[in-house]
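Protein sequence lines, in the order shown, are assigned to chains E and W. Take the first sequence: its letter number 102 is residue 116 in our numbering, and every next letter is one higher. Take the second sequence: its letter number 98 is residue 112 in our numbering, and every next letter is one higher.
These aren't lab readings, by the way, just hints derived from the structure by calculation.
Same chains, same names: a pair is fine if it fits in one copy or spans any two.
Computed list of lysine-lysine pairs in BS3-like fashion (alpha-carbon distance at most 30 Å, straight line):
id	residue 1	residue 2
1	K59	K79
2	K79	K67
3	K79	K123
Protein chains: 2
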Amino acid sequence: MVKRATVALDLDAVFAALAHPIRRAILEQLSGGDASVGELAEPHKVSAPAISKHLRVLEDAGLLKVEPEGRVRRCHIDAAPLSAAFGWLTRYRVLWEDRFERLAKHLEKDP
Amino acid sequence: MVKRATVALDLDAVFAALAHPIRRAILEQLSGGDASVGELAEPHKVSAPAISKHLRVLEDAGLLKVEPEGRVRRCHIDAAPLSAAFGWLTRYRVLWEDRFERLAKHLEKDP
Numbered sequence: 015m016v017k018r019a020t021v022a023l024d025l026d027a028v029f030a031a032l033a034h035p036i037r038r039a040i041l042e043q044l045s046g047g048d049a050s051v052g053e054l055a056e057p058h059k060v061s062a063p064a065i066s067k068h069l070r071v072l073e074d075a076g077l078l079k080v081e082p083e084g085r086v087r088r089c090h091i092d093a094a095p096l097s098a099a100f101g102w103l104t105r106y107r108v109l110w111e112d113r114f115e116r117l118a119k120h121l122e123k124d125p
Numbered sequence: 015m016v017k018r019a020t021v022a023l024d025l026d027a028v029f030a031a032l033a034h035p036i037r038r039a040i041l042e043q044l045s046g047g048d049a050s051v052g053e054l055a056e057p058h059k060v061s062a063p064a065i066s067k068h069l070r071v072l073e074d075a076g077l078l079k080v081e082p083e084g085r086v087r088r089c090h091i092d093a094a095p096l097s098a099a100f101g102w103l104t105r106y107r108v109l110w111e112d113r114f115e116r117l118a119k120h121l122e123k124d125p
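Please model the entire structure based on the sequences and the hints provided.
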């Protein structure tokens with residue numbers, strides 16, 4: 015049994031973690047299945063410490079879990095923080111789209 | 015007619031813009047309707063320059079348009095970059111949830 019730290023959902027950290035193309039690519043890769051740190055580093059032309067830093071940002075945001083498996087560190091995704099970010103966007107997207115629809119109707123009536 | 019700069023959709027900038035509670039609060043406020051810079055600053059206990067900086071971050075990410083209206087600067091939301099962020103999350107959320115469902119089924123079969 016692997017001990018896991020409880021990571022509080024922190025929208026600031028989640029959105030900040032998503033604000034880098036390498037971190038989004040890592041999450042995209044992990045969507046297909048768990049991967050080792052080496053497998054995650056492979057597609058990117060950056061140093062090992064740079065990848066470790068990105069993984070740490072994802073881990074701190076609660077998006078990634080790293081677990082030792084023999085000599086390898088296996089990474090997998092934790093979707094809960096993603097759902098929180100998704101929830102925030104969904105809530106306000108509805109309001110924004112509603113405003114656009116009302117504006118469009120207003121313009122139809124009163125061109 | 016107000017001239018508008020074309021803002022390229024930049025997911026890095028959009029997610030980074032969403033990674034601050036004051037900027038999210040500004041977007042939440044603007045979901046209810048356009049507002050002046052003063053009205054947006056009012057709920058927050060931070061300096062005017064700090065609010066201006068947050069508005070600039072939102073503007074640079076393409077989430078906010080500021081237009082002069084007499085002496086007042088009116089702010090309104092632009093939902094296109096939000097849709098891009100939403101699209102990214104939606105795409106990977108489906109994959110992640112699919113993985114969780116498969117894992118759950120696997121655990122049911124093989125407890």
